[in-house]
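Protein chains in written order, with my numbering: chain A, 1 to 129; chain B, 1 to 531.
Since the hints were derived computationally from the structure, they do not count as laboratory data. A couple of the hints might just be wrong.
[To be verified] Here are some chain B residues pointing at chain A (derived, C-beta under 7 Å): (1) Thr70; (2) Arg315; (3) Ser317; (4) Gly323; (5) Gly324; (6) Asn352; (7) Ile411.
Built from N, CA and C at the ideal position, the CB exists for glycine as well.
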Amino acid sequence: MTEKLVRVLYVEDEPDIQVVARLALEMVGGYTLEICSSGKDALIRAPEFKPQLILMDVMMPGMDGPTTLAHLREIPEFATTPVIFMTAKVQPGEVAGYKALGALDVIPKPFDPMTLSGQVQTIWERRHV
Amino acid sequence: MLEPPDPFDEADRIAALRALAILDTPPEERFDRLTRLAQHLFGVPVALVSLIDSQRQWFKSSQGLEVSETPRNISFCGHAILDDRVFLIPDAALDPRFADNPLVSGVPHIRFYAGYPLTLRTGQRAGTLCVIDYQPREVSAEQLNMLRDLAQCVSEELEWGRQLARASEHALFQARYVSIIASSEDAIISKTLDGVITTWNPAAVALFGYTKQEAVGQRMAMLIPPGRENEESGILARILRGERIEHFETVRLSKGGQLVDVSVSISPILDEDGKITGTSRIVRDITGRVKIERMKAEFISTVSHELRTPLTSIRGSLGLMAGGVAGELPPQAKSLVDVAYKNCERLILLVNDILDMEKIEAGKMDFHPQTIRLIPLLKQALEGNMAYAQQFGVTYELAGDLSDVTLFLDINRFLQVMANLLSNAAKFSPAGAKVLVAVNADDSRVRISVSDQGCGIPGQFRGQIFQKFSQADSSDTRKKGGTGLGLVISRAIVEQMGGKIGFDSKPDVLTVFYVEFPLWRQPIPAGADEA
């Protein structure tokens with residue numbers, strides 16, 4: 001059996017989406033959620049929060065998702081932490097590109113808030129298969 | 001009078017004469033000076049270059065005669081071309097062949113005739129150089145020899161004229177090509193098999209920045225950017241195999257070091273024996289087009305992102321409220337939230353449709369087909385669209401339970417097509433109506449049809465129904481919703497999956513839209529139904 005998913009770090013620059021995601025993941029999904037507004041913020045706070053899974057927006061000002069992921073991988077603790085990209089920028093070829101960067105999967109935006117935690121859970125449980 | 005008989009090679013002779021392209025052309029000094037010489041040499045009033053056509057003799061050059069042609073059957077020259085020796089009549093009045101010839105017995109009363117045939121290189125005799133007098137004459141052998149020499153000069157002039165005409169035709173032809181190449185907007189370049197540039201037109205100068213002097217004699221390799229060195233050898237191998245290369249899109253290097261997007265068409269240059277000695281290529285600058293394509297893709301991607309970001313917040317907020325996550329809503333607030341949520345969903349569909357359309361046009365729509373039992377999938381489609389149909393007071397009914405029918409499809413794309421057909425049927429149906437979904441199969445194909453009793457497809461609109469942004473009544477866009485892209489997208493999807501889409505409509509009676517797919521033959525393992 002896979003370990004139970006509790007601690008989720010969400011990196012998202014858009015405050016409105018943060019609000020929606022917090023309700024969707026905490027209230028609906030029951031996860032313990034930490035939200036960071038930038039890639040830099042995530043790199044600073046991740047070691048302390050110790051997430052089991054990271055959800056990450058792709059297009060962010062400053063450091064974008066793929067760059068943040070690359071830096072995160074340099075930290076030994078997070079060398080293998082599963083990362084799911086959440087992006088509105090899903091064009092042909094891009095999903096494969098994100099997976100090639102080491103993302104576990106991609107959840108397209110706009111996501112359905114009532115089923116988001118279910119999607120995350122499914123991806124989490126599938127990861128060892 | 002004896003009419004001149006046809007020579008044995010008359011048909012060939014006429015063909016050779018016509019090929020000279022000289023009949024009925026204006027007089028030319030190069031012939032006239034020879035007839036003048038002949039006239040003086042014999043001291044006669046008349047000297048002619050006479051060409052024997054099928055029914056007439058026509059004078060290319062004539063001294064002392066007003067007419068330009070006379071009938072062949074009364075001609076002296078018609079006799080003269082029967083032999084390659086001189087044809088000599090010292091006194092026609094005494095010659096039984098000519099005594100009663102109208103030209104002898106009447107005006108102009110010809111008495112003396114001496115004519116040498118004009119023999120062409122191919123052997124046929126085109127006509128004569130002849131001298132004529134109105135009184136009997138004796139001539140010396142020396143004079144006849146000179147007449148023969150002059151006749152040979154005339155023959156050469158005849159042949160020379162043909163060569164000249166060919167040369168000028170060739171020059172004209174060449175000049176035309178040179179001007180086409182010079183004024184072409186596409187670069188036209190040729191090179192040897194060793195890769196040495198041999199021609200370079202003005203468009204090539206404009207495209208690559210090298211002048212003709214700088215380019216000709218140089219190697220083609222100077223135009224190839226690093227990393228593409230192998231392209232040329234691949235191209236050459238294909239050309240040597242006899243292939244033509246058309247619209248090969250690649251990148252080339254200009255003199256200034258800039259990369260240029262180009263489309264290249266290449267054909268072999270053959271020598272007289274058909275051996276390939278080099279290649280010629282037409283190079284089109286597609287930098288502009290490539291840039292526009294890139295911009296378009298970027299624009300679509302950006303718009304998609306910019307629209308989806310606010311939509312994510314709106315849909316998320318409304319979805320959580322409608323789902324009761326933020327607490328129970330009073331009934332009126334709940335119905336308003338439902339309206340907002342529904343319209344937000346519609347907006348997302350529109351963005352998705354536009355993106356799908358773009359993917360279809362760019363040929364980039366992804367498909368992940370798998371084997372799937374049709375009936376459970378159809379039930380899923382009906383359930384998914386039931387709520388939508390209820391808005392119009394319409395219900396769906398599935399007829400025919402072919403539960404063992406298996407197809408090889410991309411499930412999500414199939415559901416997308418069904419959603420389009422089911423929602424169309426519902427929104428164009430009268431309230432309280434039933435939309436019937438039927439499945440029929442034969443040995444190789446299965447047809448899924450969706451029938452409604454709605455207003456149908458008006459005759460004049462039938463040809464456009466699968467075109468972008470088409471709705472029969474443009475006011476429908478507001479009344480009925482939809483993007484006008486649904487059927488276009490459906491058709492593209494169905495065809496990509498090897499199927500067919502069509503319709504049959506009797507307005508207000510029965511309108512049937514159907515899709516057909518090939519049956520999947522291999523059995524699917526038990527339990528794989530609910531994929």
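- Would you check whether asparagine 352 of chain B satisfies its interface hint, that is, whether its CB is within less than 7 Å of any CB in chain A? At 10 Å from the nearest chain A Cβ, asparagine 352 of chain B fails the 7 Å test, so the hint is violated.
- Message: For the restraint on glycine 323 of chain B, tell me whether the closest CB of chain A is nearer than 7 Å.
- Response: holds (5 Å)
- Task: Grab the minimum C-beta distance from glycine 324 of chain B to chain A and call the hint holds if it beats 7 Å, violated otherwise.
- Result: This interface hint is violated because 10 Å lies over the 7 Å limit.
- Message: Under 7 Å is the threshold here; is the Cβ of arginine 315 of chain B close enough to any Cβ of chain A for the hint to stand?
- Response: holds (5 Å)
- Query: For the hint on threonine 70 of chain B, does the least C-beta distance to chain A fall short of 7 Å?
  - Reply: violated (85 Å)
- Task: Have a go at the isoleucine 411 of chain B hint: is there a Cβ in chain A nearer than 7 Å to its own Cβ?
- Result: violated (16 Å)
- Query: With a cut-off of 7 Å, does the beta carbon of serine 317 of chain B approach a beta carbon of chain A closely enough for the hint to hold?
  - Reply: holds (6 Å)
The earlier numbered hints that this structure contradicts are 1, 5, 6, 7.
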